[in-house]
Structure formats: C-alpha cells, structure tokens
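Put together the whole structure using the sequences plus the hints.
Listed below are the residues making up each chain.
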Amino acid sequence: MSFRSTLTTATALLLITAPAMARDQINIVGSSTVFPFSTTVAERFGKSTDFKTPIVESTGSGGGLKLFCAGVGEKFPDITNASRRIKSSEVELCASNGVTEIVEATIGFDGIVLANSTKATQMNLTLRDIFLALAKDVPAGDGTTQPNPYKTWDQVNPDLPAVKIEVLGPPPTSGTRDAFAELAMEGGCKTFDWIKALKKEDKPAYKSLCHTLREDGAYIEAGENDNLIVQKLQANPAAIGIFGYSFLEQNSDVVQGSIVNGVPAEFEEIAAGNYLIARSLFFYVKKAHVGMVPGIEEFLAEFTAEDTWGDEGYLADKGLIPLSAAERESWAAKINGLAPLDM
Amino acid sequence: MIDFTKKAGFNLIRRHRAERRFQWTGRGAIAISLLFLLFMVGSILRDASGVIRQTQIALVVDLSVENIDPADPASASYGGLVKSSLRNMFPDVTDRKDKKRLYNLASPEASFEIARMVKENPELLGTTQTLWVTASDDLDLYIRGKVDVSLPERQRRISDAQIAWVDVLQSSGNIQRIANWMFLTNGDSREPEIAGILSALVGSAYSLAVCFALAFPIGIGAAIYLEEFAPANRLSDLIEVNINNLAAVPSIVFGLLGLSIFLGYMGLPRSSPLVGGMVLALMTLPTMIIAARASLQSVPPSFREGALALGASPVQAVFHHVFPVALPGMLTGAIIGMAQALGETAPLLMIGMVAFIVDIPDSILEPATALPVQIFLWADSPERAFTEKTAAAIIVLLIFLILMNLIAILLRRKLETRF
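From first to last, the protein sequence lines are chains E and C. Just so you know, we're using numbering that gives the first Met the number 0 here: the first sequence kicks off at 0 and counts up by one. Just so you know, we're using numbering that gives the first Met the number 0 here: the second sequence kicks off at 0 and counts up by one.
FYI, nobody ran anything at the bench for these hints, they're computed from the structure. In this text, all values refer to a predicted model and were calculated from it rather than measured experimentally. Hints should not be assumed to be uniformly reliable.
[Claimed, not checked] Listed below are the simulated DSS-like cross-link pairs for lysine-lysine, each with C-alpha atoms no more than 27 angstroms apart in a straight line: (1) E/K317 to C/K96; (2) C/K145 to E/K46; (3) C/K99 to E/K118; (4) E/K86 to E/K202; (5) E/K317 to C/K413; (6) E/K51 to C/K118; (7) C/K145 to E/K317; (8) C/K99 to E/K231; (9) C/K82 to E/K317; (10) C/K118 to E/K46; (11) E/K317 to C/K99; (12) E/K195 to E/K150; (13) E/K46 to C/K98; (14) C/K145 to C/K96.
This is the structure we're talking about:
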C-alpha cells in the first residue's frame, strides 16, 4: 500500500539523519560576560583560517559548565567560558561523566563599575560605603547588626551627596553579581575588625552578613541586559548602575564610573590591579576533544596570540583588560601545552 | 391604553447621549492604541534608519609582488597593507597610541575585503590601487553626526586627532557613503559595521519550513479525525481538553522537551534548524488543530449529509466535500501559528540556537540561529552601533510577520466560499 511505503520512507529518512555526523566545527558555550570576547576571536579565527567559524552559545557560566561536564563526544561542547573559576563540585561532576582532563585558561580581567549619569556628580566611594549602602544588615556600632537603616548616601558617609540610595544591578543568577558580592561587598565588610574576626569563628555567618544584598528596594535587580541599565541611568541621574567595564567604555558620553577607594575605573588602573572590583575571566577546554574536533589547538593559538589578548590586541578594543605581559607568557605556555587544571 | 411611543420617547435624548458617549470612548481607545503603535514603530524606524547606508574609506594599497606572493596571495599580510596605507596618508603620526587610533578608522574587516578583492581580480597584483573599504563603526557614527563633539575628548569614542584625520579625508573625497547591502547579505559579526541578518533569516526560513512540513499534515490529520470520526466518549473529551491546555503552555516547556527528547534521546544535532523546527512544530500543533477543527465545524452539515445520502463513504464525504471547503480556514490558522513561531526565542534557547553563528547554513542540519534570537543578541552587545542593527532587525522581523498575515488574509479572500 502506498500509505505504508510513505511511512517506511519517512522512518528511514529519520533514521538516516539521526546518527550525529562528524562535527567539524568547534562548539563553545558559557558566560555571557566572556561571550563578546569569545565571539570576536571565533569570528577572526573563522575568517583567517580554513577552519569553520566556531559556534558560541551564551548560556551563563553555570549553565555552560553543566553542558561542558555532561560528557565526552560530539554531542558535548569543546570549550566553556566562565566569568568565575570552575568549582571543585563542577570538577567532580565532570570527572563522574568521564571529563577528566580539563585545560584552564585565564584570558584577562573585567572591571565591575559603579556608574551614574554624566548629568550627576561623580561619586567617590570606598568599599565600606558600598557595603553600608547595599548590605541587608549593617553593623550597629556595638558589635551587633541591625537591618540597613540608610536611605541616602550622606547617611552612609557625610562626604557623599544627600541623594537617595538607588542602585541598579544584576540578578542573583549572574556571575557579575557573584563577583560584586565577593569583591566589593566583602571587601567593604571586612574593614570592620570584628567582622573580620568573625570569619575565623563562624564562616557561614560571616558570608551571609557580607554577601547578602538588601531587599527593601534600594538595590534594584535590573536584569542581565547592561544596555538597559545604561538607558535607565540616563533617565534617572540619581541612580547608580553596576555593570561590566566594556559597557562603560562604549557609553562614556552618557555615564561615568565612580571612583572606588580613590582609584578611578579606568583601563590602565584596572590592568595594573589598582582598581579593586575586578575579576578574571576564564575558559575551559576539554582535552579529550583536541584532535577529535579539528581546529581546537589552532583556536587556542589564535586566542593566546599577542595580537589578540595583548595590550594592543583586538580584544582590548572590545573592552577586555589584558593580563600583565609575564602572566600572558606563562598562561600562553600552559594553554598551548594543554596543561591540566590545577585546583 | 398605554402610549408606547411616548413612553419610549421619554428617555430618547438620554439614551442617544449614552450611545454617543460610548462611541466616543471606543474611538478614544482606538486613537490611544494607534498612538502607542505609532510611537513604537516610529522610534524603531528612527533607530533603524542608520543601517540604510554605510561609510567607506578609500585606501591606496600597494599590491606589488613584494607584498603579495602571486603564487599564494592568501598568505599575504593584508592587515599590514591596510596599516601601511593609513600611515602613508598621515606620515607625521609616529606615537604608538596615535598609530593605533589611526588604524581604528578602518574596520577590522578591511584586510579581509582587500584579500577577497585580490582573490577575485588577480590582475590587480603588482599594481597600486585605490580601494574602498568599510570604515569602523565609530567613524560611521561620527560621519552621521551621532557623536557629540562638544563633550570632552575622554567621554567620546572618537578622539580629537581622529576627528582631524577624518576631516582631512572627507575634504579630499576619501570618504563615501553607499547603500548598505551588507546588512542583508552578511551573517552575524562582532563588528557592527559588517554585521548582517542573512544567517538568521535563512535559519528562520529553514526552521519554519520544517515546522510547517511537520505541523500542517499532523495538525490537519488530527483535526479531521477528532472532528469527523472520533467517537464522542470520555477519551475524546480528555484529548480535546488537553489540546486546548497545550495551546496555552509557555513555549519554554517545549524547548525543554526538545532538549531531552530530540537532542538527548534521538541525538539530533544541537543548534540545527531541524530540531528548532521540530520544537516549533510541537508548539504550533495545538493552535493548528484548534483552527482546523473550527474551520471544519463551520462547513454546513448538509454537505456531509448530501454526500452520504448519495452513497459516498464517510471518508469520501470528508475528503471530497468537507475538506476542500475547510482548507482556506485551516491554512489561515496554520499561517497565524507559523507567524507566532517566527517570533519565538524561548524554546530555541534550550536547544542551542541562541548562539553566535557567522556562516550561513546550507542545510537543516547545520547550526543556525533565528531572527528574534539575532535581535536579542544584538540588543545585548556593548557597541553603540548595534542599537541601530537591533532596530533594523526588528523591522525585518515585522515585515515578515506582516507578509505572513497578509498571505493569510489573501488566501482566505481568494479561497473562501460563502454560504
């Protein structure tokens, strides 16, 4: 019967397409912060070599590592980007799925800036100011804590303007938020001696005190889209936004970065390590895929070329803050030599 | 006797006033919604207008044999040629930082453009040519007056020195603006000046083709069986309730289903329009079934009864008499379901189609992205020039949505039979 033969053909067609074809294209997943840099390298790599342009997916650091650690084989990504270091739990997850050999790569820094509209005055903050303005609980003065009572910046520090505290920042799912909590909040938190002492006695209590952001409306979760935060800052000169340095660089005509602990949020200061709220960006390579998927080694060579990640490289134009020359040299040797991850 | 006319007339003025009030409220509602629409489309169009033309810069490039090996022209350093050409135009620039600023006037794509020109016209080798290459996005924004030069230099993306160079270039006729066809013929790029929509457009077209090929026959088959043949029992009721429920399920759920079944179990290639189309087909199936059933219901029962009375079998009655009359309505439902699928990003996120893909896909098995995904990715990019690209991509998406709805209306007008 013709109906039956149609059905058989359809099934046969499905079965032919079902077995995965040999993949000849590098597959990259991971952090949305590293995405702009990873895609730039991927594009140049595709154009300047005979290899296909790698596919880069923006899944977030955690999501990327989950996909990456799911197994070895063509179905699984070769490289994952991360805006934080891989956790030991993730290394274990990888190992349990047969992903035992991972190559770590640090590619540069990303500064996290606190910016406001150029129509307002530039803020001159310390980490302690940031902590006091944004923490859920703050020290009450006698070794106890109280719910954050501060409504305006001058209550936090008399030198600051009498403007309502209104900070637009990333949601808890974001790697930028984690880094901000760790570097800015905790940095300000441990300027109190008794809290610093608490770290040794009761680490969970110390962490929850230092990392928890207030939820009474002074800190507004503005989503992952940093362009949106920049637009909101233009509309509301009283507000401060938290986002990556590359967005400040692109929008320096409408927003200005705050000075943190006396250091302005500038390219040179972040590169020199003087600006305190800066984190490293990473990617991880599945060593088992090197040689299986063509072009991985060449892609790593392109990424670690001085023209790419150097002081004058094209990633610096895109807003990546380069590592120091010595660090670049040592990382390039490790990455190109496929040295295994050292936790 | 009661005088009804008088009794009715008693309230007539008030009732007419109420009627006028209601009509004016209705008109007001329409006016406000039109105003919002106008505002939205107007602001998108204003942003998108920047994409219509692109800026080019003329470079005098020395394509002599010393620079390019005629045996292997692809191996030459075209980036170096672009740089030396810019240096020759402004020989007094010596500082490293200034040199870098000078190089940034041309797009990073310029070297690839020259390489392509040489490859296509080998007779250029050994000569010195004036070639037009794409200018950088910052220069393009400046030429179009989108940079506020009254701001201090530090707050601008383009420096005083760069402005001086551009003015020299402009007065000597070395800068031109041409129609930006690259937006329609290029794939995605991280450089806004050369980023195009084609890879996303092709990806969307492939996904929708797969979606239609799967959902239309299955949807119509299901609708015909449920409407014409299924016995009226508990099971049929249950199926009907579930189909109506599925039509309201958030689309991300279908993406999760696709991830676990199509990618995980069946092992189909990630990021491919095949999987994208299958997920979108799952999503549009309930809508199509509901539309197809409604269309079958609207066929007068006399058609069916007449055919049966003349001795046709039930299948003949349905396929020879009911189905042709119901087809225009089914097609309309299908096109509206597809238009909905065209605008969907959430299910595509789970199956890896939210990705940076430069190459234009050749088949439904190659990685691809889709129009709404492209809009999402560009809206999230730091470079200022991507704002315009985002708006232009929205316009392209809107044009396709309008076209699809137009086709639905025309099909209905042309094929519909009135009773």
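Outcome of the hint check:
Restraint check for E/K317 and C/K96: satisfied, since their Cα atoms lie roughly 16 angstroms apart, inside the 27 angstroms limit. Proximity of C/K145 to E/K46 is assessed by CA-CA distance (about 30 angstroms); at most 27 angstroms being required, the pair is judged violated. Taking the CA atoms of C/K99 and E/K118, the gap is near 31 angstroms; set against the 27 angstroms cutoff, the hint is violated. A C-alpha spacing of about 18 angstroms is found between E/K86 and E/K202, which places the hinted pair at or below 27 angstroms, so the restraint holds.
Note on E/K317 and C/K413: the hinted pairing is violated, with a Cα-Cα distance of about 54 angstroms set against a maximum of 27 angstroms. The hinted pair formed by E/K51 and C/K118 meets the criterion: a straight-line CA distance of about 19 angstroms does not exceed 27 angstroms. Proposed proximity of C/K145 and E/K317 is supported: the alpha carbons are some 20 angstroms apart, at most 27 angstroms. Distance check on the hinted pair: C/K99 and E/K231 sit about 33 angstroms apart at the alpha-carbon level, beyond 27 angstroms; violated.
With a C-alpha separation of about 19 angstroms, the suggested pair C/K82 and E/K317 falls inside the 27 angstroms cut-off, and the hint holds. Restraint check: the Cα-Cα separation between C/K118 and E/K46 comes to about 14 angstroms, which is no more than 27 angstroms; the hinted pair holds. Distance check on the hinted pair: E/K317 and C/K99 sit about 14 angstroms apart at the alpha-carbon level, within 27 angstroms; holds. Distance restraint check for E/K195 and E/K150: the Cα-Cα separation of roughly 26 angstroms lies within the 27 angstroms cut-off, and the hinted pair is therefore satisfied.
Distance check on the hinted pair: E/K46 and C/K98 sit about 24 angstroms apart at the alpha-carbon level, within 27 angstroms; holds. Only pairs whose Cα atoms come within 27 angstroms are accepted, and C/K145 paired with C/K96 is accepted, the gap being roughly 24 angstroms.
The structure does not agree with the numbered hints 2, 3, 5, 8 stated previously, though it agrees with the rest.
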